[in-house]
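Student: Letter by letter, the chains look like this.
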Amino acid sequence: DAGITQSPRHKVTETGTPVTLRCHQTENHRYMYWYRQDPGHGLRLIHYSYGVKDTDKGEVSDGYSVSRSKTEDFLLTLESATSSQTSVYFCAISEQVSGRLFFGSGTQLSVL
Amino acid sequence: KNEVEQSPQNLTAQEGEFITINCSYSVGISALHWLQQHPGGGIVSLFMLSSGKKKHGRLIATINIQEKHSSLHITASHPRDSAVYICAVGNQFYFGTGTSLTVIP
Chain A
511 DAGITQSPRH
521 KVTETGTPVT
531 LRCHQTENHR
541 YMYWYRQDPG
551 HGLRLIHYSY
561 GVKDTDKGEV
571 SDGYSVSRSK
581 TEDFLLTLES
591 ATSSQTSVYF
601 CAISEQVSGR
611 LFFGSGTQLS
621 VL
Chain B
27 KNEVEQSPQN
37 LTAQEGEFIT
47 INCSYSVGIS
57 ALHWLQQHPG
67 GGIVSLFMLS
77 SGKKKHGRLI
87 ATINIQEKHS
97 SLHITASHPR
107 DSAVYICAVG
117 NQFYFGTGTS
127 LTVIP
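Residue numbers (my numbering), protein chains in the order written: chain A, 511 to 622; chain B, 27 to 131.
One thing to keep in mind: the hints can contain errors.
As the list claims (entries may be wrong) - Chain A stretches covered by chain B per the calculated footprint, using a threshold of three residues with CB under 8 Å from any CB of chain B: (1) 537 to 551; (2) 554 to 560; (3) 608 to 620.
Calculated directly from the structure, the hints in this document are not laboratory data.
Here the structure is a predicted model, which means the values were calculated and not measured.
The beta carbon of each residue, even a glycine, is placed where N, CA and C say it ideally should be.
Excised from the complex, chain B in its bound form (with noise of 0.2 Å):
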């Protein structure tokens, strides 16, 4: 049983094209993370949210409480976006397996 779902699993884009990934869940909460991986890296939180919609520089994090639906988008994505992004939801954490970006230039 997967708590958190995210799509696309894996993403190739050309650098420019605007990214949508998405991330569902099945428990309730009382806010959703949305993380970033670089290869042999650490882990970095991007966003925090509840409601909404909340953007930081290319990047933009919507959530639809209802519906139980998050996605994370990137506007003119560069080479330097790939990563793996990865949904965490929960008050001890639930996390999704996560999405690996490439962006070609």
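Here chain A stands alone, though its shape is the one from the complex (with noise of 0.2 Å):
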């Protein structure tokens, strides 16, 4: 699994409230990514990061923010969350002598 754990497993939150979701790998390995997946699109590009303090946005960023001042951490922010964001968000890596992706459990979100 490339040492990658997503802290909360689930969330339970209000419409207006901020949400943090936090990414952590254990292996040094710099690119980063947020992805969210919602039933009929697949998985989709929230943000990416390629080395601390360097991000990306990406298909679907609006409402979204992230920061990594570590390499081992990538954090996802939502401000102000909404329904629409209540979604399964993935954090993933990819290794970069192989290319090979390996994703975190997932977060499921859920914004009332």
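Two chains, two separate frames, one set of hints: put the complex together.
Tutor: Right under this line is the structure:
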């Protein structure tokens, strides 16, 4: 699993509240990604990072921000959660040498 | 606009059958990934390939770069193969919506 841990695994929150999801890796991979998975859409890229403090937007970045102050941690923040952000969120890394993708276990987020 | 199209969306097979899942893509790529997701479970990388064919156990993945097409084959399918199979391409990765496979004993 390339040492990827997501927290929390489940979260229920109310509309308008801030939410932060954490992705932690133990193997010093440079590239980290946040995706959301929704029925009928497959996985969609929210933000990605190619190093400490180096991040960029993905396909569905509106309403989300990220931070990477350390190699091992990539945080996804919903500044003011909306019901449309109810989803399963996956963190992933890609190995620099092999290019293989490894995913965290996912976070089920419900915004009521 | 879907950069990655998978077919079929759903597939039911009898145990022992040979299964093929297809992936077509429209972007230029350096590699294509096949992933597996069990119900309620995480996502596991099965293959990464940039040309030709790869085999792992009963799973075989092929890719034709010129035709922008890849196939995932499962030989002698088993109920434990029941999962969603996802194709992914591109640098930051575009994903297909997945093929839901059910193998009946």
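Student: Please verify the coverage claim for the stretch 554 to 560 of chain A: does it have three or more residues whose C-beta sits within 8 Å of some C-beta in chain B?
Tutor: The restraint on the stretch 554 to 560 of chain A holds, since 3 of its residues have a Cβ under 8 Å from chain B and three suffice.
Student: Tell me whether the statement that chain B covers the stretch 608 to 620 of chain A is true, taking a Cβ distance below 8 Å and needing three residues at minimum.
Tutor: Three-residue rule met by the stretch 608 to 620 of chain A, so holds; n is 9.
Student: Has the stretch 537 to 551 of chain A got at least three residues whose CB is nearer than 8 Å to a CB belonging to chain B?
Tutor: holds (count 4)
The structure fails none of the hints (numbered hints given earlier).
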